[in-house]
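Novice: Sequence:
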Amino acid sequence: MMTRRITQLLIGLAMYGISLAMFIRAGLGLDPWDVFHQGVAGLSGLSIGTVVVAVSFLVLLLWIPLRQKPGFGTLANAVLVGVFADVGLALIPAFSHLGGQIAMLAGAVLLNGIASACYIGARLGPGARDGLMTGLARRTGWSVRLSRTLIEVVVLGVGWLLGGSVGVGTVVYAVAIGPLVQLLLPLFTVPEKVVPEKLEAKDVDTGAAEASEKSAPQARESLTAQTTQ
Numbered sequence: 000m001m002t003r004r005i006t007q008l009l010i011g012l013a014m015y016g017i018s019l020a021m022f023i024r025a026g027l028g029l030d031p032w033d034v035f036h037q038g039v040a041g042l043s044g045l046s047i048g049t050v051v052v053a054v055s056f057l058v059l060l061l062w063i064p065l066r067q068k069p070g071f072g073t074l075a076n077a078v079l080v081g082v083f084a085d086v087g088l089a090l091i092p093a094f095s096h097l098g099g100q101i102a103m104l105a106g107a108v109l110l111n112g113i114a115s116a117c118y119i120g121a122r123l124g125p126g127a128r129d130g131l132m133t134g135l136a137r138r139t140g141w142s143v144r145l146s147r148t149l150i151e152v153v154v155l156g157v158g159w160l161l162g163g164s165v166g167v168g169t170v171v172y173a174v175a176i177g178p179l180v181q182l183l184l185p186l187f188t189v190p191e192k193v194v195p196e197k198l199e200a201k202d203v204d205t206g207a208a209e210a211s212e213k214s215a216p217q218a219r220e221s222l223t224a225q226t227t228q
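In the working numbering, the protein residues as written are 0 to 228.
Check the hints yourself; a few may be wrong.
To be verified - Simulated restraints on C-beta separations:
no.	residue 1	residue 2	range
1	44	93	16 to 22 Å
2	102	74	32 to 38 Å
3	64	170	29 to 35 Å
Hint data in this document are derived by calculation from the structure and do not stem from the laboratory.
Nothing here was measured: the structure is a model prediction, and the numbers come from that model.
The C-beta atom is built at its ideal place from N, Cα and C for all residues, glycine as well.
Generate the whole structure from the sequences, applying the supplied hints.
Specialist: Printed below as a string of structure tokens:
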């Protein structure tokens, strides 16, 4: 079972990085965090993959006051998404005509949804940005949706001011990715073997541990909301 979980995690993170490269090559706008990454990359001269990795570890520092603990999947996410984003950018050409851009955007959204379901479903720890969102929700009592919205509005605004790409792709991602991951997550979630009547937060991976502290609707929201790196 663990072999499957690790394999699924690594494949999911690789696909996530490639989907980021596809969003960039589509040239129609990025999701909020990647608008920020692109803005920082343009300002610093670093590759966007390098920026993704660096920001991931900086965000992990914010886990300390939130009392979040990273898992294997958290650390793998912090490194591999950025690495595969740069690999994808080296292999995928940019499109100059609208038809190709639209097709690339649609493929990026679909691949991102599959990738998100894979790495979340592996249940080996959330990404740095996901953990920031769920940790903030737990510590403040806010909903996961509110926490995510506040964080992403801030990074989107800062990224746009730094020159990151905001466009129709940003809107498409915001509208489509949640329902897509919710649809796919049951197909990729690895079931856990637990002892009935002795289920404790420590016996469950991060996503389910978050769920144990919330009502059923909030638990479902927490899992399906984890669609960023």
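Novice: Does each hint fit the structure? Answer for all of them.
Specialist: To see whether the hints hold, each was checked on the structure:
1. 44 / 93: 16 to 22 Å: The hinted range 16 to 22 Å holds for residue 44 and residue 93, with Cβ atoms some 19 Å apart.
2. 102 / 74: 32 to 38 Å: holds, 34 Å
3. 64 / 170: 29 to 35 Å: holds, 33 Å
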